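S.K.: Each chain, written out:
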Amino acid sequence: MKTRAVTALALLALGCGPAVTTLVADRHYREAVCAAHDGRGRGLVERALDDDANLQVHAQVIETAMVREALSRHERVAPVTLFRVSAQSDVLPLDAIELSAAVGTIDGGAAALPVRWDTLVWATGERLPPRRTAQTYLTGGNLLRAGAAVATLGVSLLFTDFRPDTVSVDATPADYARTAPYATRLHTLTERAGCRPHDPGGGAGVRCEWFFLYASPSRSPLTMALTARFISNRLDPERRDPTACMVTRGALVMLGRADTLAAELDARFGERSRPLREVAMEGVDAPISEWEQAASIIMPR
Amino acid sequence: MLRSCCVAALLAWSPSAVAQELLASPPLPAPRVVAERGASPTYYRLSPRVMLPVFRGGFGAQFRSAPDDAAASVAFTFDVMGGVVARFDRASRHGLIAEVGYTFSGFSQHLASLGLGAMTGLGALADRDGRARAAGFRVALVTRFLAGVSYDRTAVGVRTGVIVGGPFYAVEIAHQVLFVDGDDHNELRLTFTTLQPFGEAP
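Chains as they are written, first to last, in this note's numbering: chain X, 1 to 301; chain S, 1 to 202.
Calculated from the structure, these hints are not laboratory results. A quick note: this is a predicted structure, and the numbers were derived from the prediction, not measured. Backbone N, C-alpha and C fix where the C-beta goes; we use that ideal spot for every residue, glycine too. Hints are not guaranteed to be accurate.
To be verified - Computed, partial: chain X to chain S, Cβ under 10 Å: (1) 56; (2) 114; (3) 202.
Construct the entire structure; sequences and hints are all you get.
M.R.: See the structure below:
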């Protein structure tokens, strides 16, 4: 024990950090991720994170009667499919784990759209409700008037008054339900999309659900690019937003052809999730930039 | 039949509740918690900035010892320096300083300098326990090799100075010896300066 402490002190005095192999073996991932971020033992840390994060994935097509009715109202070159992708990591001693997913064809020619209000009304053939106008007193002019009132101990109020301004605000939920009832029901069905951290307990882990809409005549199989970011904060107590170290891992998972997606996902996943390492494709990079371009053609933002 | 009626009634009452009812949670297993073995060390999470640029200037007085035929004299002097401070490791308060610069004094003295030294008292963003740590009182010992013009001739020499103070207010006391045409001339300098590397938590 004494020898180990003396060795550690000697290494620190010489400016060499702890060995990354030791950090990984003892699961000191906050340190290991920053070591990898700084270029020390990156491959070793990545492999250890892959093993211990134990990423699980699941995918299924949502085929309830309501979804079928909502998505069949509009004639398109290919039927619209709504499907859900789920992923989860174990809890690791880190400050955060972020997961993100994108879906498209392996050749990059078509992309699935993440579920949002604009993509939902596109899928159901409805229209978004117009934005409402509202009046607000929180304007730059009124702030100046308030400042002048304070500075002149209220004398300026004899010569000026506070005036409201008209601003554009989002439509109310009732507007959405009236204008786009089918999209509203799909939105309700998918509103829990997103990531939720596991109960912290001194570590970080996350469970995510994403919903995608897909409608393309492309016969190329759909693939999902899953990206995991393992984050450790630098020790920087005086900054509210400390700089972070990050190790990013990505994998591509085959989902299946659009016209047989439900059957293929059922065969591949069924009622259980699969470890990412079992379903990840080896040696293939995700054409994410092509997917973003394809998605922007369908739904310009 | 009864179930259909219940679902229909629930749909009329709350579409949101039915939607969530129909879409079960994804079948993901309970997450495993991976724990660290022993207390976490602190090294790589500390700021990796060990090479810190430093630019500083100083002004003060330069004293010449009295030669045989003249009285001791004093002149204004200033200098500008640029270089780098290298910490010994990520959270170390100690490091080496290397800088080049230019010195003028009212004795019509123009000297270029190359300095090397050691310093202590550097601040860090955090110590090894992750607590904020401010820069403190600092001391540097710097030896500079000089070359230029002095006593109206080409001169080379050595200046050894001690810098003591805080990041933005420090005093340097230095002795320099110049070799001009085979003679050595001893001078003293007292200057007000700074000692604040960029990127260091002040």
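S.K.: Which numbered hints are broken by the structure, listed smallest first?
M.R.: Hint 2 alone not satisfied by this model.
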